[in-house]
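Trainee: One-letter residues, chain by chain:
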Amino acid sequence: GAVVSQHPSWVICKSGTSVKIECRSLDFQATTMFWYRQFPKQSLMLMATSNEGSKATYEQGVEKDKFLINHASLTLSTLTVTSAHPEDSSFYICSARDAGGTKGTQYFGPGTRLTVL
Amino acid sequence: GQQLNQSPQSMFIQEGEDVSMNCTSSSIFNTWLWYKQDPGEGPVLLIALYKAGELTSNGRLTAQFGITRKDSFLNISASIPSDVGIYFCAGQLSNAGGTSYGKLTFGQGTILTVHP
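Protein chains in written order, with this note's numbering: chain A, 1 to 117; chain B, 1001 to 1116.
Just so you know, these hints were derived from the structure itself, not from any lab.
A virtual CB, placed ideally from N, CA and C, is assigned to each residue, including glycine.
Any given hint could turn out to be false.
What the hints assert, rightly or not - Here are some of the chain B residues that sit facing chain A, going by a computed Cβ distance under 7 Å:
# : residue
1 : Glu1041
2 : Gly1042
3 : Thr1056
4 : Gly1066
5 : Ala1078
Claimed, not checked - In silico SDA-like cross-links for lysine to any residue, where the CA-CA straight-line distance does not exceed 25 Å:
#  : chain 1 : residue 1 : chain 2 : residue 2
6  : A       : Lys55     : A       : Leu117
7  : A       : Lys103    : B       : Gln1064
8  : A       : Lys20     : B       : Gly1040
9  : B       : Lys1103   : A       : Thr102
10 : A       : Lys41     : B       : Thr1068
11 : A       : Lys64     : A       : Thr102
12 : A       : Lys41     : B       : Glu1054
13 : A       : Lys103    : B       : Thr1062
14 : B       : Lys1103   : A       : Glu52
15 : A       : Lys41     : B       : Thr1024
16 : B       : Lys1103   : A       : Phe28
17 : B       : Lys1103   : A       : Pro40
18 : A       : Lys41     : B       : Gln1108
19 : B       : Lys1103   : A       : Ser43
20 : A       : Lys41     : B       : Ala1052
21 : A       : Lys103    : B       : Ser1057
22 : B       : Lys1103   : A       : Thr75
23 : B       : Lys1103   : A       : Ser54
24 : A       : Lys41     : B       : Pro1039
25 : B       : Lys1103   : A       : Pro86
26 : A       : Lys41     : B       : Ile1086
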């Protein structure tokens, strides 16, 4: 089946530092990937849509200069949280849409737990 | 924007009981999806529904796409302890030709607890 990986699975950083999270589609090509954020006991909130070879589309209220997204290949998208602060602590989940699929199905990664001290 | 209302918010049941949860939307979707999320993990797709009225099963799970395209339900029969987790519905729009797909809109989730 379609597998999506994320790295790292968890990260702890100091306030003011930047953190990069990778999302990879392992056995399929993904022209479109999505980045979500999930706070405890809440649903997934879409942050941005990442398109291979073009700029990401950010949801309303998400700062594009703070959450940098790069989708340089058909199997890799990265999310960089710049100048992280404690309020950025959350569970970040990516998903990838199979470019060869016919139903637009999104496959989710296992998530990255970010804790900013 | 589109809103999905998922209910119930939480359920506490005994092993062996059946479970039902549903989602309603203020507007229509072309696709309804049901996901399960275990603690500290990403969501896993359980069932995908693509046509109004469609009824689909996956083992002990059954889901239906409402006729109005504004609702969907998920049933779990004969629950077992490993059914514990958070269940999310999600709606998705696509174009008439099914070649362009929109983003997912998620419900608030249903927390399921199964007592042995």
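Trainee: Identify every previously stated hint that the structure contradicts and give their numbers, smallest first.
Mentor: Violated: hints 3, 4, 5, 6, 10, 11, 12, 20, 25.
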